[in-house]
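Student: Here is what each chain is made of, one letter per residue.
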Amino acid sequence: MVTIGAIIYEPGSTVRNKTGGWRTFRPILNTEKCIKCEICYIFCPEGAIYEDEEENFRINYDYCKGCLICSKECPTNAITRVREEK
Amino acid sequence: MGKRFPREELLAPGHRGCAGCGASILVRMALKAAGRDVIVVNSTGCLEVFTTPYPETAWRVPWIHTAFECGGAVASGIERAIKALKKRGKFKDRKITVMPIIGDGGTADIGFQALSGALERGHDIVYIMYDNEAYMNTGVQRSSATPLFASATTAPAGKRSKGEDRPKKDMAMIAAAHGIPYVATACISYPEDLMKKVKKACEIEGPAFIHVLQPCTVGWGYNPEDTIKIGRLAVETGFFPLYEIEHGEFRITYRPAKRKPLKEYIRMQKRYRHLTDEDIEILQKYVDERCKLLGLE
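Chains C and U, in that order, give the protein sequences. For the first sequence, the residue numbers in the numbering used here are 2 to 87. For the second sequence, the residue numbers in the numbering used here are -19 to 277.
Same shape as in the complex, but just chain C (with noise of 0.2 Å):
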């Protein structure tokens, strides 16, 4: 249905379309080799990066599109990439 003035009264509704499915690379995070400096979470372009209730931080698979900033830029290592399997 079309809004009057193409008005979308729901915010950030993009999160009913799941992208994970776009990987081809998994990035893994190690939470013991994690040292929380934050790099990660702040590049991530989806914001898929998130913490849970230990403070510590977690992919959410449902979102992350593979391109492996957070492996890339990690320092210590703790991000490892895995190639998705069907």
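Just so you know, the hints here were simulated from the structure itself, not pulled from any lab data. Some hints here could point you the wrong way.
If you want a taste of the chain U side facing chain C, the calculated C-beta under 7 Å gives, among others [said to hold, decoys possible]:
(1) -6
(2) 0
(3) 5
(4) 201
(5) 205
Short, incomplete list of chain U residues facing chain C, as computed with Cβ under 7 Å [said to hold, decoys possible]:
(6) -16
(7) -14
(8) -11
(9) -8
(10) -5
(11) -1
(12) 4
(13) 8
(14) 37
(15) 38
(16) 40
(17) 170
(18) 171
(19) 207
(20) 208
A virtual CB, placed ideally from N, CA and C, is assigned to each residue, including glycine.
Given chain C, work out where chain U should sit, using these hints.
Tutor: Relative to the frame of chain C, chain U by itself:
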């Protein structure tokens, strides 16, 4: 340990930006710095197209789309409307920032006169130009922000051409020539510097202009994972110096210990792959001259 960056996500995931897109990184950083009281004005461009595939939107702040040429004009209108509403007693103790986030095409080419007008009239806006150095949305056509010798589909490199034949338009300096209170350049590879500049721009009364370099994986031709690395190289080679001009006072905000040779930056990108070492020398000389002018040795 204190948190370096705010945790609130004002750009939702699930948008259609390419893997490794620099524009979405910029928006996340800018909105984290500016907070929730922001109205974003977006001309046509990559950012507009990938964040709002109708009827969905990735934005969690008020957002308006305008035609290519009127980003500055629409932002001015919103700013004046807020001012009028404040006079009638609304949003009394809130400072609402109007933030046009517009690409290099919508800033340096098509939206130029609207921008110039907005800056000249002194509207209280924070104009962010996200510069990916061509019209990436429609397929890498050259814009006036395309640098010398870069190949674009409308300035292709071939037997008789080395790609773009004009140097990059210096938008930050053009904005500064309007005599506005705040002008800055920033790069997404330096998040703290960028966020500090956005915050400062929000606090300053009157127009502010921030020119942000944002590598584009499709148009520049590199692996998505290198987005941040290429941005960093652009700054460290002196190709894109980081500075700010606050009330007429010029200050370099990041000074590389020793400038890296430009070749490192050039050789990472497909849009420059036709260049010979002599061509790179010409570019290096051009960069050296500009750095000297800005006092960056």
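Student: Next step is simple, just say for each hint if it's right about the structure.
Tutor: Do the hints match the structure? See the list:
1. -6: Residue -6 (chain U) check passes; min Cβ-Cβ to chain C is 4 Å, inside 7 Å.
2. 0: 4 Å, holds
3. 5: It holds, given that the least Cβ distance between residue 5 (chain U) and chain C is near 5 Å, below 7 Å.
4. 201: 15 Å, violated
5. 205: With a minimum Cβ separation of about 4 Å from chain C (threshold 7 Å), the hint on residue 205 (chain U) holds.
6. -16: 5 Å, holds
7. -14: 10 Å, violated
8. -11: With a minimum Cβ separation of about 5 Å from chain C (threshold 7 Å), the hint on residue -11 (chain U) holds.
9. -8: Since chain C brings a Cβ to about 3 Å from residue -8 (chain U), closer than 7 Å, the hint holds.
10. -5: Residue -5 (chain U) check passes; min Cβ-Cβ to chain C is 5 Å, inside 7 Å.
11. -1: 4 Å, holds
12. 4: Interface hint status for residue 4 (chain U): holds (4 Å vs cutoff 7 Å).
13. 8: 6 Å, holds
14. 37: 5 Å, holds
15. 38: 4 Å, holds
16. 40: 4 Å, holds
17. 170: 11 Å, violated
18. 171: Check passed: Cβ of residue 171 (chain U) comes within 5 Å of chain C, closer than 7 Å.
19. 207: 6 Å, holds
20. 208: 5 Å, holds
In this structure, the hints that do not hold are numbers 4, 7, 17, in rising order.
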